[in-house]
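Trainee: Each protein sequence line maps, in turn, to chains E and X. Residue 116, in my numbering, is where the first sequence stops; the numbers in between run on with no holes. Residue 1116, in my numbering, is where the second sequence stops; the numbers in between run on with no holes.
Derived from the structure by calculation, the hints contain no laboratory data. Any given hint could turn out to be false.
[Unchecked claim] Calculated lysine-lysine pairs in the DSBU-like style (CA-CA distance at most 30 angstroms, straight line): (1) K38/E to K95/E; (2) K53/E to K1038/X; (3) K105/E to K95/E; (4) K38/E to K1053/X; (5) K53/E to K38/E; (6) K95/E to K1053/X; (7) K1095/X to K53/E.
[To be verified] If you want the ones that stay clear, here's a sample from chain E, every Cβ over 12 angstroms from chain X, calculated: (8) Q18; (9) R43; (10) S51; (11) T65; (12) F73; (13) D76; (14) D85; (15) A87; (16) A90; (17) H92; (18) L104.
[Unchecked claim] What the simulated footprint calls covered on chain E by chain X, stretch by stretch (three residues with Cβ under 8 angstroms from a Cβ of chain X suffice, anywhere in the stretch; the number is not a length): (19) 1-14; (20) 52-64.
The beta-carbon is built from N, C-alpha and C at its ideal position, and this holds for glycine as well.
There are 2 protein chains.
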Amino acid sequence: MEFIPKFDQQGLIPAIVQDANTRQVLMLAYMNLQSLNKTLETRQTWFWSRSRKELWHKGDTSGNTQQVVEIYFDCDSDTLLVLVDPAGPACHTGKTSCFHNLLLKQDCEPESKNEN
Amino acid sequence: MEFIPKFDQQGLIPAIVQDANTRQVLMLAYMNLQSLNKTLETRQTWFWSRSRKELWHKGDTSGNTQQVVEIYFDCDSDTLLVLVDPAGPACHTGKTSCFHNLLLKQDCEPESKNEN
């Protein structure tokens, strides 16, 4: 299947970043065509920062780059799954994953607390 | 940390769905407030179908519902990670995951082909 990425109206496509070894989901960020091409060329993750409105090489300031192992696209070509070998934590808080806040756990009432 | 979901301009928040057992990433879909509440209430995944513009109970027609095991939100509260116990394949193609198309593999040239 040929990949013709479906960018949204802002020219972006969401990219799920997953640790290739532990299978932990690390973060979700957005790529435009330029950052996707940089990712393919350099084999490290590049995104488009929606807040800073600039190209964002993950780990450029923190050193926590993400080496790309595999990239998949989904059945309607509007989302990417990027498996990486991370040099350090994905989250700016220093946690391994940005998804460290538990909202609901099976057989419990909905809650909202930090997971340690 | 209290969860105040950051919905986008369309009132949606992306939800990554991951198999709680195998850790495979299954799909990405979008929730509005109503589908998020239905998910929390029923402990099965509900989304907002952007193409059909309607509330979408995953598995309603296919039978492949997704039992919610855990839900996490990320550091800026604009993405959900939903760990599920799926009753069947997530993809409408019958594949386990919607991410079955390989775009790039480490140490290979970028390519675009179906993964078996």
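Trainee: Decide, hint by hint, whether the structure agrees.
Mentor: Evaluated hints:
1. K38/E to K95/E: It holds: about 26 angstroms lies between the C-alpha atoms, which stays within 30 angstroms.
2. K53/E to K1038/X: Answer violated: K53/E to K1038/X is near 34 angstroms, above 30 angstroms.
3. K105/E to K95/E: Holds, at about 20 angstroms.
4. K38/E to K1053/X: 34 angstroms, violated
5. K53/E to K38/E: 16 angstroms, holds
6. K95/E to K1053/X: Distance of about 36 angstroms is beyond 30 angstroms: violated.
7. K1095/X to K53/E: Roughly 36 angstroms separates the two Cα atoms, so the pair is violated.
8. Q18: Contrary to the label, Q18/E does not stay out of reach of chain X, its closest Cβ about 6 angstroms off (not over 12 angstroms).
9. R43: Non-interface label on R43/E violated, nearest chain X Cβ at 7 angstroms vs cutoff 12 angstroms.
10. S51: 9 angstroms, violated
11. T65: Nearest chain X Cβ is 14 angstroms from T65/E, so the label holds.
12. F73: 5 angstroms, violated
13. D76: 8 angstroms, violated
14. D85: 9 angstroms, violated
15. A87: 15 angstroms, holds
16. A90: Given that some Cβ of chain X is not farther than 12 angstroms from that of A90/E, nearest at about 9 angstroms, it is violated.
17. H92: 7 angstroms, violated
18. L104: Check fails; 4 angstroms does not lie beyond 12 angstroms.
19. 1-14: With 4 residues closer than 8 angstroms to chain X, the region 1-14 of chain E meets the three-residue bar; holds.
20. 52-64: violated (count 0)
Figure legend: structure checked against the earlier numbered hints; hints not met, in rising order: 2, 4, 6, 7, 8, 9, 10, 12, 13, 14, 16, 17, 18 and 20.
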